[in-house]
Every structure is written in C-alpha cells, then in structure tokens.
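Given only the sequences and the hints, what does the whole structure look like? Please build it.
If you count by our numbering, then the sequence shown holds residues 317 to 771, one letter each, in order.
Keep in mind that the hints are not guaranteed to be accurate.
Here are the simulated EDC-like cross-link-like pairs (lysine to aspartate or glutamate), alpha carbons at most 20 Å apart as the crow flies [as the list claims (entries may be wrong)]:
#1 K409 / D438
#2 K409 / E428
#3 K422 / E373
#4 K409 / E382
#5 K409 / D391
#6 K398 / E428
#7 K422 / D391
#8 K502 / E512
#9 K422 / E374
#10 K409 / E538
#11 K422 / E382
#12 K422 / D438
#13 K398 / D438
#14 K534 / D438
#15 K534 / E428
Label pairs and their calculated CB-CB ranges [said to hold, decoys possible]:
#16 E691 / R329: 22 to 28 Å
#17 V327 / L397: 49 to 55 Å
#18 G561 / T714: 14 to 20 Å
#19 T416 / R476: 46 to 52 Å
#20 L354 / D403: 25 to 31 Å
These are computed hints drawn from the structure, not numbers from a lab. Just so it is clear, CB atoms sit at the ideal spot from N, CA and C, and this is done for glycine as well.
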Amino acid sequence: MSDDAIRLVTVGRMLRGRGRLLGALVVLGALVGLGASLMIPPRYTTSASVLLPGAWEERVLLTQAEIATSTVVTDRTAAALKWDGVDGEELRKRVRAEVTDGNIVKVSGTAESPARAQRLSDELARQFVAFSARIGEETADPTAAAGPERLRQTVLSTSRRITELADAADPGRTVESVQTRTELAKLRTTLQEAVEKLNQAQSGTAGSRLVVMGPAAKPSGEAPPTRVQLIAAGAVLFLLVAVVGHLGAARVNRRLRSEREIAATLGSGLLGGVDVPAEKGVHRPEGDGPRHPVRRLLGLDTPWNAPAPPLAGDEASLGIRYRRVCGRIRELMPSARRLLLVVPDDDGVALRAAERLVEEAGGDPRLRVAVVSAEAPLLPDREEESGVLVVLSAGTRTAAELAGVAEACADAGHDVVGIVLADAVRTRPARSAGPPREAAAPALALGDGARGGAR
Numbered sequence: 317m318s319d320d321a322i323r324l325v326t327v328g329r330m331l332r333g334r335g336r337l338l339g340a341l342v343v344l345g346a347l348v349g350l351g352a353s354l355m356i357p358p359r360y361t362t363s364a365s366v367l368l369p370g371a372w373e374e375r376v377l378l379t380q381a382e383i384a385t386s387t388v389v390t391d392r393t394a395a396a397l398k399w400d401g402v403d404g405e406e407l408r409k410r411v412r413a414e415v416t417d418g419n420i421v422k423v424s425g426t427a428e429s430p431a432r433a434q435r436l437s438d439e440l441a442r443q444f445v446a447f448s449a450r451i452g453e454e455t456a457d458p459t460a461a462a463g464p465e466r467l468r469q470t471v472l473s474t475s476r477r478i479t480e481l482a483d484a485a486d487p488g489r490t491v492e493s494v495q496t497r498t499e500l501a502k503l504r505t506t507l508q509e510a511v512e513k514l515n516q517a518q519s520g521t522a523g524s525r526l527v528v529m530g531p532a533a534k535p536s537g538e539a540p541p542t543r544v545q546l547i548a549a550g551a552v553l554f555l556l557v558a559v560v561g562h563l564g565a566a567r568v569n570r571r572l573r574s575e576r577e578i579a580a581t582l583g584s585g586l587l588g589g590v591d592v593p594a595e596k597g598v599h600r601p602e603g604d605g606p607r608h609p610v611r612r613l614l615g616l617d618t619p620w621n622a623p624a625p626p627l628a629g630d631e632a633s634l635g636i637r638y639r640r641v642c643g644r645i646r647e648l649m650p651s652a653r654r655l656l657l658v659v660p661d662d663d664g665v666a667l668r669a670a671e672r673l674v675e676e677a678g679g680d681p682r683l684r685v686a687v688v689s690a691e692a693p694l695l696p697d698r699e700e701e702s703g704v705l706v707v708l709s710a711g712t713r714t715a716a717e718l719a720g721v722a723e724a725c726a727d728a729g730h731d732v733v734g735i736v737l738a739d740a741v742r743t744r745p746a747r748s749a750g751p752p753r754e755a756a757a758p759a760l761a762l763g764d765g766a767r768g769g770a771r
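Given below as structure tokens:
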C-alpha cells in the first residue's frame with residue numbers, strides 16, 4: 317500500500333474515532349466565527365468607472381489610479397460628504413482604484429450601508445475628475461493654449477512664401493539654383509508635418525478630459541468577509557487544526573508496543589497476555605476525576621489510532637488464558653502469599669483484566685489491585701506483598717511512564733516480578749450449554765492440579 321493510501325486510511329480512522337470531538341470543535345469554530353461577525357460591522361462595496369479618452373500609456377494610467385486615491389482627492393471627498401468622524405485619512409482605508417481594459421479607471425468605495433457606499437464612490441469619482449482637470453489646466457502652457465490658430469496661420473503663410481520663392485528661382489540652369497529649390501522643398505515639407513502634429517496635439521488635448529461613465533450601482537450584498545463566510549471559516553479552521561493536531565500527535569507517538577521493549581523498561585519478564593472483550597464506552601476508574609464524563613461524551617476515553625480488536629474465541633476460551641497466567645504466577649513464586657496488581661488509572665482494558673485475574677486466582681495467591689496515576693505513580697509501602705505484577709495494554713504507555721512506574725515500585729519497596737499484557741478482542745457468540753462444559757472440564761482440571769487443591 318502506498319504512503320498516500322496509508323495517510324487516507326489514517327485520516328478515515330481518525331474521523332471515525334474522533335467524530336464527536338471533531339463535531340464539537342466544528343460547532344465551536346462556527347460560534348467563534350459568529351462572534352467575530354458580530355464584532356465586525358457589515359460592509360458594502362460599489363464602484364464607479366471613469367473613462368480616459370485618447371491614447372494613454374500604461375504608466376500614465378497607473379499614475380491616474382494613484383491620483384484617484386491620493387490624499388488630496390480623499391480629503392476633498394471627505395469635505396464634500398461631511399460624515400461625522402470620517403476624514404480623508406479614514407476614507408483612504410475605504411477606497412481603492414484599479415485600471416481596467418479600455419482606458420477605464422474603476423474607483424471603489426466601502427461603507428456601512430449600500431446608500432453610503434454608492435454616495436462615496438460617486439463623490440470620489442467626481443473629485444478625481446475635477447482634480448485631474450485642474451492638474452491639466454495648471455500644467456498647460458498659456459501661450460500655446462492662447463495662440464494655436466495664430467501659429468497655424470503663420471506656418472501656412474510661410475509655406476506659401478516658400479512656394480513663391482521656389483517658383484521665382486532660376487529654373488534649374490545652375491547648380492546653385494537647383495540646390496536652392498531642393499532646400500525650399502524640404503523646408504515646405506517640414507512645415508506641413510509640423511502643422512499636422514499641431515492639429516493632432518490640439519485634438520488630443522481637447523479629448524483628454526476625464527469622463528465619469530455613470531453613477532455607481534447600489535450594492536445588493538455585503539462585501540466579503542460576510543457573516544456566513546466568517547462562520548464557515550471558523551468551522552473549517554477549527555476542523556483543520558484538530559485534524560492536523562491529531563495526525564501530528566500520532567506521528568510523534570512514542571508509546572511502546574513491543575513486548576520486549578516493555579519488559580526491558582520495567583526490568584521484568586512477561587508472564588503472558590490475556591484478552592478482554594471489547595466494549596464501547598469502557599469506563600475508567602472513579603479516580604479519573606470530574607473530567608471523565610466530558611471525555612466519555614467526546615469519545616476521548618479510548619485511543620482513536622488503536623487497531624480494530626481482533627476476533628477471538630468465546631468467553632470460555634478467554635478464561636483459559638487467565639488460568640494459564642495464574643498458573644505461571646504460582647510456578648514463578650510458589651511461596652507467595654500476596655501480590656499487588658499495578659494498573660494505570662487510564663487503562664480501562666488493563667483494569668478489567670486485573671479484576672478478572674483476581675477472580676481466576678481464587679485467593680491462591682491473593683491478588684490486590686492498585687490503581688496508580690500514569691503521570692505521577694505512587695504505591696503503598698510494602699507490607700505482606702511478595703511482589704508486584706504490572707498489568708497494562710500494549711501501546712498505551714511511553715518508556716518514560718513505564719520507567720516512572722518501575723521507580724515508584726522500587727521506592728515503595730516492591731519488586732516487579734512479572735508483566736501481564738491485556739488486549740481488547742471481539743468474542744464469538746456463546747455456544748450451547750452442553751459442549752462448553754465438556755470442553756472446559758480438562759482446562760479446569762489442569763488448573764486445579766496446578767493449584768494443588770487450592771480451590
């Protein structure tokens with residue numbers, strides 16, 4: 317299976333195992349988005365288009381867009397609007413201008429209501445056109461603007477005079493006369509080109525005034541981010557953070573699963589493994605604290621990345637493994653009168669396995685369950701106990717936690733004499749009453765023989 321497929325399987329398992337938690341986080345994120353939308357007032361945006369007739373270079377168009385949102389234009393717009401508490405600096409945060417196709421500068425305004433947004437965009441466009449026209453008038457040459465027609469008449473009269481001189485000259489009898497006529501023809505051509513450029517410049521200047529193409533349209537909806545967008549963004553953000561957090565925590569998980577690693581960390585040998593019928597919503601011990609109901613409600617009382625419980629035998633076959641473990645305990649410590657079963661407080665499967673071991677032992681030896689905190693284990697001082705049996709599930713404890721349990725045992729004067737691993741399994745339906753008793757009889761006899769008549 318590829319890495320991508322493995323990741324998808326992991327994500328799917330996490331979604332199934334933490335569905336209630338993820339659902340609660342999505343609702344919480346939506347509520348946070350709703351709160352943010354209530355704190356942020358609604359905004360409405362609309363635009364007005366300003367046409368720049370004639371031929372304009374791209375850099376000049378960008379300059380016009382900068383002028384549309386300049387301080388001078390926004391100050392004039394604020395003075396014309398006369399809104400309370402809104403000056404030119406505030407308007408600069410609410411307006412923008414961009415160049416579109418066809419020499420059009422689109423100016424946009426954002427306000428708290430559709431009517432105010434429409435009025436802001438229209439007034440900004442008017443002030444922009446007025447200020448641009450004023451700049452053109454101030455930068456224009458007064459003499460060139462006052463006498464273009466007079467200059468044109470002078471050029472035409474000069475051209476006619478050149479023609480007359482060329483006709484009166486010696487018609488090509490000498491080299492000097494030919495050169496003179498040639499120079500006069502070039503001069504007449506240059507003057508005609510100057511007249512054409514003058515006409516083009518005048519027509520371009522006359523058509524360079526900016527034109528507002530119409531009033532801004534009244535906005536029909538809120539500008540993003542809207543309330544719905546904020547609510548959706550909050551829900552998606554909380555969901556993504558939860559998914560990434562779970563996957564990251566699973567990637568850096570250092571819990572021990574190997575029997576050899578667990579035995580080496582606790583400094584003892586493995587006596588065997590027992591199976592516990594898997595149950596949904598397995599309760600933890602009462603010492604888990606007031607947070608336990610909340611953890612159960614959110615589905616945090618069981619690990620999400622644990623593999624699916626394997627299929628085992630029926631209840632009778634599960635008891636055989638418990639009796640075998642009890643037999644190994646008697647063989648290991650034949651003179652033991654009392655042993656302490658140490659179980660982490662957050663391992664419900666191990667607790668049920670320890671309780672089942674106490675029942676199967678039948679007082680030989682006497683087993684007592686001691687539930688300790690996984691974070692800060694503390695055991696009672698040694699009295700009549702001959703040793704400690706650590707009962708836990710594979711993959712639930714880190715090396716540091718197991719080392720802490722071993723240190724707590726040593727601090728209380730207990731010796732760790734063995735380890736029992738518990739595993740959750742799915743049991744088969746119970747068989748009919750007759751056959752199980754007949755099949756179970758040899759196992760019970762073996763158990764009685766091993767106990768030496770203790771029962």
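Going down the list of hints, with the structure as the test:
no.: 1; hint: K409 / D438; verdict: holds, 17 Å
no.: 2; hint: K409 / E428; verdict: holds, 13 Å
no.: 3; hint: K422 / E373; verdict: holds, 17 Å
no.: 4; hint: K409 / E382; verdict: holds, 14 Å
no.: 5; hint: K409 / D391; verdict: holds, 12 Å
no.: 6; hint: K398 / E428; verdict: holds, 15 Å
no.: 7; hint: K422 / D391; verdict: holds, 19 Å
no.: 8; hint: K502 / E512; verdict: holds, 16 Å
no.: 9; hint: K422 / E374; verdict: holds, 15 Å
no.: 10; hint: K409 / E538; verdict: holds, 17 Å
no.: 11; hint: K422 / E382; verdict: holds, 11 Å
no.: 12; hint: K422 / D438; verdict: holds, 11 Å
no.: 13; hint: K398 / D438; verdict: holds, 14 Å
no.: 14; hint: K534 / D438; verdict: holds, 11 Å
no.: 15; hint: K534 / E428; verdict: holds, 13 Å
no.: 16; hint: E691 / R329: 22 to 28 Å; verdict: holds, 26 Å
no.: 17; hint: V327 / L397: 49 to 55 Å; verdict: holds, 53 Å
no.: 18; hint: G561 / T714: 14 to 20 Å; verdict: holds, 18 Å
no.: 19; hint: T416 / R476: 46 to 52 Å; verdict: holds, 48 Å
no.: 20; hint: L354 / D403: 25 to 31 Å; verdict: holds, 27 Å
Hint check: no violations occur; every hint is consistent with the structure.
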